[in-house]
Amino acid sequence: MDNFTQSPDPAQAATEIGRFLIDVDMFPVFFMAHFCIACLMIREDSKDLGPKFQQNHPMASWVSSVLTSLAGVIVTNFLFGDAVVDIIKEDRLIIFVTVIWYLMNYGPFDLLYKVVRMPPVYIVMAMLQENLRVRCIFQALEQVGKAYPGAIFIVLLAGVVNGNGYGYLKIVERLIRGKWTPGSNDFLEVTYLTKSSVYASVAFMLQASRFLLISVEITYLTVVVLFMIFRLLMTVTPNKDPLLPLEMPICKI
Amino acid sequence: MDNFTQSPDPAQAATEIGRFLIDVDMFPVFFMAHFCIACLMIREDSKDLGPKFQQNHPMASWVSSVLTSLAGVIVTNFLFGDAVVDIIKEDRLIIFVTVIWYLMNYGPFDLLYKVVRMPPVYIVMAMLQENLRVRCIFQALEQVGKAYPGAIFIVLLAGVVNGNGYGYLKIVERLIRGKWTPGSNDFLEVTYLTKSSVYASVAFMLQASRFLLISVEITYLTVVVLFMIFRLLMTVTPNKDPLLPLEMPICKI
Amino acid sequence: MDNFTQSPDPAQAATEIGRFLIDVDMFPVFFMAHFCIACLMIREDSKDLGPKFQQNHPMASWVSSVLTSLAGVIVTNFLFGDAVVDIIKEDRLIIFVTVIWYLMNYGPFDLLYKVVRMPPVYIVMAMLQENLRVRCIFQALEQVGKAYPGAIFIVLLAGVVNGNGYGYLKIVERLIRGKWTPGSNDFLEVTYLTKSSVYASVAFMLQASRFLLISVEITYLTVVVLFMIFRLLMTVTPNKDPLLPLEMPICKI
Numbered sequence: 257m258d259n260f261t262q263s264p265d266p267a268q269a270a271t272e273i274g275r276f277l278i279d280v281d282m283f284p285v286f287f288m289a290h291f292c293i294a295c296l297m298i299r300e301d302s303k304d305l306g307p308k309f310q311q312n313h314p315m316a317s318w319v320s321s322v323l324t325s326l327a328g329v330i331v332t333n334f335l336f337g338d339a340v341v342d343i344i345k346e347d348r349l350i351i352f353v354t355v356i357w358y359l360m361n362y363g364p365f366d367l368l369y370k371v372v373r374m375p376p377v378y379i380v381m382a383m384l385q386e387n388l389r390v391r392c393i394f395q396a397l398e399q400v401g402k403a404y405p406g407a408i409f410i411v412l413l414a415g416v417v418n419g420n421g422y423g424y425l426k427i428v429e430r431l432i433r434g435k436w437t438p439g440s441n442d443f444l445e446v447t448y449l450t451k452s453s454v455y456a457s458v459a460f461m462l463q464a465s466r467f468l469l470i471s472v473e474i475t476y477l478t479v480v481v482l483f484m485i486f487r488l489l490m491t492v493t494p495n496k497d498p499l500l501p502l503e504m505p506i507c508k509i
Numbered sequence: 257m258d259n260f261t262q263s264p265d266p267a268q269a270a271t272e273i274g275r276f277l278i279d280v281d282m283f284p285v286f287f288m289a290h291f292c293i294a295c296l297m298i299r300e301d302s303k304d305l306g307p308k309f310q311q312n313h314p315m316a317s318w319v320s321s322v323l324t325s326l327a328g329v330i331v332t333n334f335l336f337g338d339a340v341v342d343i344i345k346e347d348r349l350i351i352f353v354t355v356i357w358y359l360m361n362y363g364p365f366d367l368l369y370k371v372v373r374m375p376p377v378y379i380v381m382a383m384l385q386e387n388l389r390v391r392c393i394f395q396a397l398e399q400v401g402k403a404y405p406g407a408i409f410i411v412l413l414a415g416v417v418n419g420n421g422y423g424y425l426k427i428v429e430r431l432i433r434g435k436w437t438p439g440s441n442d443f444l445e446v447t448y449l450t451k452s453s454v455y456a457s458v459a460f461m462l463q464a465s466r467f468l469l470i471s472v473e474i475t476y477l478t479v480v481v482l483f484m485i486f487r488l489l490m491t492v493t494p495n496k497d498p499l500l501p502l503e504m505p506i507c508k509i
Numbered sequence: 257m258d259n260f261t262q263s264p265d266p267a268q269a270a271t272e273i274g275r276f277l278i279d280v281d282m283f284p285v286f287f288m289a290h291f292c293i294a295c296l297m298i299r300e301d302s303k304d305l306g307p308k309f310q311q312n313h314p315m316a317s318w319v320s321s322v323l324t325s326l327a328g329v330i331v332t333n334f335l336f337g338d339a340v341v342d343i344i345k346e347d348r349l350i351i352f353v354t355v356i357w358y359l360m361n362y363g364p365f366d367l368l369y370k371v372v373r374m375p376p377v378y379i380v381m382a383m384l385q386e387n388l389r390v391r392c393i394f395q396a397l398e399q400v401g402k403a404y405p406g407a408i409f410i411v412l413l414a415g416v417v418n419g420n421g422y423g424y425l426k427i428v429e430r431l432i433r434g435k436w437t438p439g440s441n442d443f444l445e446v447t448y449l450t451k452s453s454v455y456a457s458v459a460f461m462l463q464a465s466r467f468l469l470i471s472v473e474i475t476y477l478t479v480v481v482l483f484m485i486f487r488l489l490m491t492v493t494p495n496k497d498p499l500l501p502l503e504m505p506i507c508k509i
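In order, the protein sequences belong to chains A, B and C. When you line the first sequence up against the working numbering, it's residues 257 to 509, in that order. When you line the second sequence up against the working numbering, it's residues 257 to 509, in that order. When you line the third sequence up against the working numbering, it's residues 257 to 509, in that order.
One or more hints might be untrue.
With a straight-line cut-off of 30 Å between C-alpha atoms, the simulated DSSO-like cross-links for lysine-lysine are [unchecked claim]:
hint: 1; chain 1: C; residue 1: K303; chain 2: C; residue 2: K496
hint: 2; chain 1: A; residue 1: K435; chain 2: C; residue 2: K426
hint: 3; chain 1: C; residue 1: K435; chain 2: A; residue 2: K303
hint: 4; chain 1: C; residue 1: K308; chain 2: A; residue 2: K435
hint: 5; chain 1: A; residue 1: K308; chain 2: A; residue 2: K426
Source of the hints: derived by calculation from the structure; they are not laboratory data.
Could you put the whole structure together from the sequences, leaning on the hints where they help?
Pasting the structure below:
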């Protein structure tokens, strides 16, 4: 009995953790982390547009922050013929983004901005964000897999767009802030975010079609752990693509 | 009796005028005014693209004029997942725009162009256009309010897009004419057209949810009168945002 | 009897050829020709983006090639409110494009690239492509004509977009390759591809509404033959618009 409580079966424990991660409600903790990082990114990316961009152009700053926060859903809705605005009917999410956007840009003493930029806080939030990213990919594959059974390219596309929606919306989002960068996009320079989304989608698809003889919980947990490790590497080192050393011997996309 | 016919109840008279404005058919008079102003604007905005732009690029001029004339519906259809071309099935409207576009750009002696540019004619047309704008906002709120009951952000968005559709289509419309202006858009510089659409939408939403204890007719009439006064101010003075003095003491968007 | 077998009724023969062209399966021969020319065009158009663009940016090259190959369907889906990705569920087509794209850009000894550039091969492929173009226009008119009966502008638009889809997607497709050309588009400079699509659509619409008292087979055959003649002229001469001499006396669009 003592033995049982102290060291349970690791495979069973992993399955339980994986099941927990699949089921846990993303709202509000994981969403908060994601929204904070998205709003922070917009503020940082607007610095070359003049000082106090957010004071002079609050509307553009808000629209950009909302688009960035919800990029995956918006690009998916666009590509799959749903109303682009469908996500906005979730008043709760919009109000939540708006509150975070407000505190991040105009909060007293710039408190939230300074806190989120502190490395330990940022790293925890980034870890939570990776969880949300895996969840988005996982759910997109499930939904699109039902709507288009057997169409592997379309299912793969759904996974990629949900794992890196902002990458494909960035050019429009920047245009809203008056920043036009036609010479770079996530097709020309395939980022880590795109590639990791592809690999995760392929793993989930192989598992679902029973090529991978492991449970969905273990697959999910493995993807989350790998995403978190790579994100940690990207945050603490200047390396922007931790997959590159692994891909180098095979090919360059 | 004499008294009754000479001075009827002003509240009742206002209600009747409001009801008339809600019900009157916008086709053809109000649409004509709107289309004339839209085609005039495209012609004026093309002057820096070389002399006789409309002679050298009739196709681009026509597509731009049609897009501008129908901007509200097109942006709404795009955002709400309807076919972007749905409005074009209204052959009557397209032929009507085309006739006005033709007369405005290639008419004998440039007659229509010169007439519409005459201040008194332009002002009357602008007043009619404001009526159409209020109607578009009002109808959009009704329709979207039914489709997404309780989703206030989405209803508000529908109102804004219908009140200032061109503001959000401008960047694409100009691109069709080979004019690329990435540094300015209606998010960066929030125009009077956007703000007035927001205020009108909020007023209609408050009235519909019975926060405003006045009839829909009076609300509609008030919005129309205010829109017409502000438009008049914008036309006869160089002031491009008559709301600014009213907003100054509170905040700047 | 001898006479009958040697010289059959030419009208009947033409009808049979027209019927054959309407019914013949476009997959795989005609599609192959179209995809080869599309991939060739992307490779040629990328030459000014630096040497070995396809080696350095395979993802952008692939996305561009797929978009170009399927441009007509994608633009149609966008305009008519269908899911933009619907065409991608045709795994067969995507794999087929991908194989051709691979061989065209990275094939051994650049064989396919060199073969397709040989004038006789290119001309045969261009002739096959014109067949596919007529088929796309014809089918689009049929489908949209059923969905929007009597709406001539919308039917005409469907014909044009299917006959020259790439013309309207080009600006986005080039942006994916990091090439931004805001000063030119198919509205500003109305190309032969647009105009021929308009004329063919009008011919098919007149035939369908019985203004043209000839059979659908003869109409189809005539359009195909004319498209092939004009394409031949465009390929072997530097003339980019063989319709211009015919239009000159009437007007310039």
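Do the hints match the structure? See the list:
1. K303(C) to K496(C): holds (21 Å)
2. K435(A) to K426(C): holds (22 Å)
3. K435(C) to K303(A): holds (26 Å)
4. K308(C) to K435(A): Answer holds: K308(C) to K435(A) is near 29 Å, not above 30 Å.
5. K308(A) to K426(A): OK: K308(A) and K426(A) at ~21 Å, within 30 Å.
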